[in-house]
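Colleague: Sequence:
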Amino acid sequence: MIVTGRKATRGHPLTAAQKEANRLVSRERAANEHGFADLKAWRILTKVRMNARHATKLLRALLVLTNAEVSR
Numbered sequence: 038m039i040v041t042g043r044k045a046t047r048g049h050p051l052t053a054a055q056k057e058a059n060r061l062v063s064r065e066r067a068a069n070e071h072g073f074a075d076l077k078a079w080r081i082l083t084k085v086r087m088n089a090r091h092a093t094k095l096l097r098a099l100l101v102l103t104n105a106e107v108s109r
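Residue numbers for the sequence shown follow our numbering, so the first one is 38 and each next one is one higher.
Hints were generated in silico from the structure; no laboratory data involved. All values reported here derive from a predicted model rather than from experimental measurement. Glycine included, each C-beta is placed from N, C-alpha and C at the ideal position. One or more of the hints may lead you astray.
[As the list claims (entries may be wrong)] Quick list of simulated restraints, FRET-style, between CB atoms:
| no. | residue 1 | residue 2 | range |
| --- | --- | --- | --- |
| 1 | 58 | 80 | 31 to 37 Å |
| 2 | 42 | 80 | 40 to 46 Å |
| 3 | 102 | 57 | 29 to 35 Å |
| 4 | 94 | 45 | 37 to 43 Å |
Work out the full structure: start from the sequences and follow the hints.
Modeller: Structure, rendered in structure tokens:
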């Protein structure tokens, strides 16, 4: 399921709950985009020549390390 944000229109501004939902969606999207940006910067996706299952484990490990470094 794809979760997208809500848009306000001229006659219908967003409620406080809809604004909060948009913030949560944006937070998750930003985290994912930062992760993919790191992978692209490291060029890890072009160097991986292995089984997709192993590549997934490698990518997850790299993202965990990146998040640990960022949170310091």
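Colleague: Now tell me, hint by hint, if it's right for this structure.
Modeller: Status of the hints after comparison with the structure:
1. Checked against the hint of 31 to 37 Å, the C-beta distance between residue 58 and residue 80 comes to roughly 35 Å, which is consistent with it.
2. Look at residue 42 against residue 80: about 31 Å separates their beta carbons, and that is not inside 40 to 46 Å.
3. Range check, residue 102 to residue 57: Cβ separation about 31 Å, and the 29 to 35 Å hint holds.
4. For residue 94 paired with residue 45, a C-beta distance near 42 Å keeps the hint of 37 to 43 Å intact.
Comparing the model with each numbered hint stated earlier shows that hint 2 is the single one that does not hold.
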